[in-house]
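*Asks:* Sequence:
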Amino acid sequence: MKHCKICLFVVFVFFSVSGFSQQSAIQTNALADYNRALELYNNGQYLAAQTLFDEVQDEVDDERVKANAAYYIANAAIRLNQPGADALMEDFVQRYPTSTKTNAAYLDVADYYFETGKYSLARKWYDTVDQRNLSKAEKERFSFNNGYAYFRAKQYDEAKEYLNKVKDSKKYGSQAKYYLGFMAYEGDDYEQANALFEEVEDAERYEEDLSYFQADMNFKQGNFEKAIELGLEQLPRADRRDRSELNKIIGESYFNLGQYDKAIPYLKEYQGERGKWNNTDYYQLGYAYFQQGDYEAAISEFNKIIDGKNAVAQNAYYHLAQSYLKTDKKQQALNAFKNASEMDFNPEIKADAALNYAKLSYEIGNSYASTPQVLMNYLEAYPNSPAKEEINELLINSFITSKNYEEAMRLLKGNRNFQNNVVYQQVAFYRGLELYKEGNYREAEEYFDLALSERRDPRFTALATFWKAESDFNLRNFQDALVGYREFAGMSGAQGVSEKENLDYNIGYAYFKQRDYDRAVEYFKRYSNDTSHDKARRNDAFVRLGDSYFVNSSYWPAMEAYNSAIALNGNENDYAAFQKAISYGFVQRNETKIASLNEFLQKYPRSSYRDDAAYELGNTYVAMNNTSQGMQAYDRLIRDVPGSTFVPQALLKQGLIYYNNDQSSQALEKMKKVVADYPNSAEAIQAVSTARLIYVDMGRTDEYANWVKNLDFVEVTDVDLDNTTFESAEKQYQNNNTSAAITALEKYLSSFPNGIHAVQANFYLGQLHFREGNKQKSIPYYKYVIQRSASEYLEQSLARLSEIYLENRNYSEAIPLLKRLESQASFAQNTIFAQSNLMKSYLEEGSYNEAVTYAEKVLSNPDAETDAKNDAQVIIARAAMRTGNEERAKRAYAEVQKSATGELAAEALYYDAYFKNKAGNHQASNDVVQRLARDYSGYKLYGAKGLVLMAKNFYALGDAYQATYILDNVINNFAQFPEVVQEARQELARIKAEEAKTNASVETNN
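In the UniProt record's numbering, the protein residues as written are 1 to 1006.
Treat the hints as calculated values from the structure; they're not laboratory data.
There could be a bad hint or two in this list.
Under the rule of at most 30 Å between Cα atoms (straight-line distance), these lysine-lysine pairs were calculated in the BS3-like manner [as the list claims (entries may be wrong)]:
id	residue 1	residue 2
1	K136	K124
2	K170	K101
3	K118	K165
4	K262	K276
Here are the in silico distance ranges between beta carbons for each label pair [claimed, not checked]:
id	residue 1	residue 2	range
5	K276	A87	39 to 47 Å
6	N660	E438	50 to 58 Å
7	M698	K513	47 to 55 Å
8	G439	M698	55 to 63 Å
9	G439	S492	29 to 37 Å
10	T401	Q271	44 to 52 Å
11	A369	K898	26 to 34 Å
12	E501	E438	52 to 60 Å
13	K898	G439	17 to 25 Å
14	N278	E438	36 to 44 Å
15	G439	K276	22 to 30 Å
16	R606	K513	48 to 56 Å
Please read all numbers here as calculations on a predicted model, not as lab measurements.
A virtual CB, placed ideally from N, CA and C, is assigned to each residue, including glycine.
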């Protein structure tokens, strides 16, 4: 056999050579070139071989040689990664379809791409191979390579088809089983994966991977002890990535076995996917710490869980809340319980979290919703809760303790299931009292009536009765007020309440306002003689007692009462002193009256009654025929108080004195001044009449006629009709017959648009419409009064009209009126009103320097009350904030905080928290925000702003969970404050972008 094989070979060579020997010399050279090209190809010199094969193609006519050359040219192009190499190979197949190298070409090219790691290209060419013409070895290589290429493309079904064909191959079997095992592992078929991995022969090659996979599979199958054993075995020799994963497997296995102390060090060593943990990773480590009682460490892991929306997150937030409670961080616990209570994955956790959220809301307050609302929501969601009675008790208390009475009333009115009428009565009363203090007396009465509709608690029944009477008094319903006061006096619930202490005082005023001065004397006298009463009220009672005696012409008792008031040195000393001086005149003690008036003008130079005193002094001198001193007194009035309503009267009196002394020119000069400066006034009408007499006496009637025809106010002949018509209308006004008074006054003005009483009539109409709530209708009437000369109605008209403009935020119209009121006000309260509202108006207009100037005026005004001074400090603070002077704002808000209530207190607290945040005192800042939520929950703007501040504080304190959760809630619950929501969105985006660097579960908008 050996011999025969050699013979055959020799014969083959012989015939081959002899075959070529028949060709020409050119063909012989081509054959040599072909063999040389083949040698170059076999030596890997593909480019040189390709060039030489190309030349051979041009030189030979033999189709077989051409085909072989084309094959090697295309094959070299593929190996050289030349553009169009695929096309060359396809061209070869099309041109030489019968070539024996076609199938070899496909397989060779596919194998080449496979060996160079271009698996997708390899699969493309394997698809063209005809497996029937392959040898057994080629078929095995074909199946393994194709299977592995599909494996790399994660097309596991196709990969399994090919790899299963060679799993018993001696050459490829171990590799095939490894990859088949891996695919079973990836598909969670751990039983098959284990079986295949155990069959892998070349164990050393796959040892590390197999150990990891087997540890992981045991973990996933719940064989935690085995997973720990395999993981610990492999850990020392694992590479960095596998070491991280093995730590995770070991740590989670200990975790699932409840061996949390052992789990912690391995869980901590986990490096995460691509350097990032996810929410589950943080949960496991946090829970392990929680079980060890290391609550601070638990918090530091749990609070990295952001945007969790699954069962793991609910569990984490619940245990985070418990950890916060264990460390006395109640505000943080409230947020975490709220979050857990809003998830439905675990009903038991949801319910317990809701219960804790409700209890904490009652204990520390809630910025998201009112405490009663939270408690009612719990009872509605869990009507059969074992804690039902406890929560009901908290709910009852919360309606009062939350102090958000408006919200409480809304809830009580809308909840038919809540049957506690005692609480309803109390909340209605407190809401009414709140409205009363805001000056909203009509609406306050509605709530006092609601409280009286449920007469459950005698004390609150009495209180509601009293404050309803107070509301009636302020609405000028004096008879109703008196009925209320008397009813209150006889109630059992009135015993021991502070309101009863001043009842005589209030009843005295109700009689006084109804002009029943005898009864007023009775009550004011009894009240003022009781030295246990408040000094300021006693002082006022003595003054009103004096007034009541005075009106009844009992001047000596009046003077005694005024003396008692002066002795108490109260706010109305100047008034009492003036009234006392006037009283001397009525008991024929004019010398004493004059001395008292002069003493008054010296002692009270800034008094709002100084013009009254000067005018009265002049009149008294004149009455005693001391016209020289009288004229001086009138001159003093005109000079010192030029805006006084007594000035035209003083001028008229001077004119009459000149006229009576036959000083006609001087008299005429005074009369004309009255007419020119105070047209349409009663004094002007009298001045015209007196001037007529003077002109007649002087024989200059033509001059009078020319003068008087240019006057546009009422003709002298209409005076009686004018007076009669107005007096009828005024009577309706004084008797509080509103509708009749409006009709009569409008009729008067229609008949006498520029009448003697036109100013007074317009003022009355303004007042009537204002009291009825028709404030827009009152505007033209107040404007008429303001546009005319000085009158006793000017000051109040300026105050009322500016008040209307302020309510409508029409500051440009209000400011000129307020400035005029400030300069012309006779009463201190009007000066303060003007200054207070000027500072507010200038602030709203952006004139910060002017706002601060007026705020400082208020602060320096001794008559300004605490509320006005608090407003002034706030204006200074706001102006300072808007101009960047935060240090001054800080000082101003600190002053406000000492005594402010309501919204100003909420604002001051917010800025206290703001400045603490700026200073880096984050926990202290949060403490203030928590107080803001507890005590001022009704002021939602500052509640929302405080929450954003709290979120910033928490993030600075390392609590990303609290920060993001709070900001999410601001965004979802406070749409009415778009600027606050926008700030929350920006802060949330910033925090999430930062947290996403380490937490793979955090989603950002980027």
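*Asks:* Is it true that the C-beta distance of A369 to K898 lies inside 26 to 34 Å, as the hint says?
*Replies:* Holds, at about 30 Å.
*Asks:* Note whether the CB distance of R606 and K513 lies within 48 to 56 Å or breaks it.
*Replies:* At 28 Å between Cβs, range violated.
*Asks:* Quick check on a hinted range of 52 to 60 Å for E501 and E438, using CB atoms only.
*Replies:* violated, 24 Å
*Asks:* State, for the Cβ atoms of N278 and E438, whether the hinted interval 36 to 44 Å holds or is violated.
*Replies:* violated, 53 Å
*Asks:* Please verify whether K170 and K101 have alpha carbons no more than 30 Å apart.
*Replies:* Holds, at about 28 Å.
*Asks:* A range of 50 to 58 Å was offered for this pair. Does it hold for the Cβ distance of N660 and E438?
*Replies:* About 56 Å separates the Cβ atoms of N660 and E438, which means 50 to 58 Å holds.
*Asks:* Could you grab the alpha-carbon distance between K262 and K276 and see if it respects the 30 Å cut-off?
*Replies:* Roughly 23 Å separates the two Cα atoms, so the pair holds.
*Asks:* Could you see if the CB distance from G439 to M698 stays within 55 to 63 Å?
*Replies:* holds, 57 Å
*Asks:* Take the C-alpha atoms of K118 and K165, compute the straight-line distance between them, and say whether it is at most 30 Å.
*Replies:* holds, 22 Å
*Asks:* State, for the Cβ atoms of G439 and K276, whether the hinted interval 22 to 30 Å holds or is violated.
*Replies:* Given a distance of about 59 Å, which is not inside 22 to 30 Å, the answer is violated.
*Asks:* Per the hint of 29 to 37 Å, is the separation of the Cβ atoms of G439 and S492 within bounds?
*Replies:* Holds: the Cβ-Cβ distance is about 31 Å, inside 29 to 37 Å.
*Asks:* Holds or violated: 47 to 55 Å for the Cβ distance of M698 and K513?
*Replies:* Check passed, 51 Å falls within 47 to 55 Å.
Consistency with the previously given hints fails for numbers 12, 14, 15 and 16, ordered from lowest to highest.
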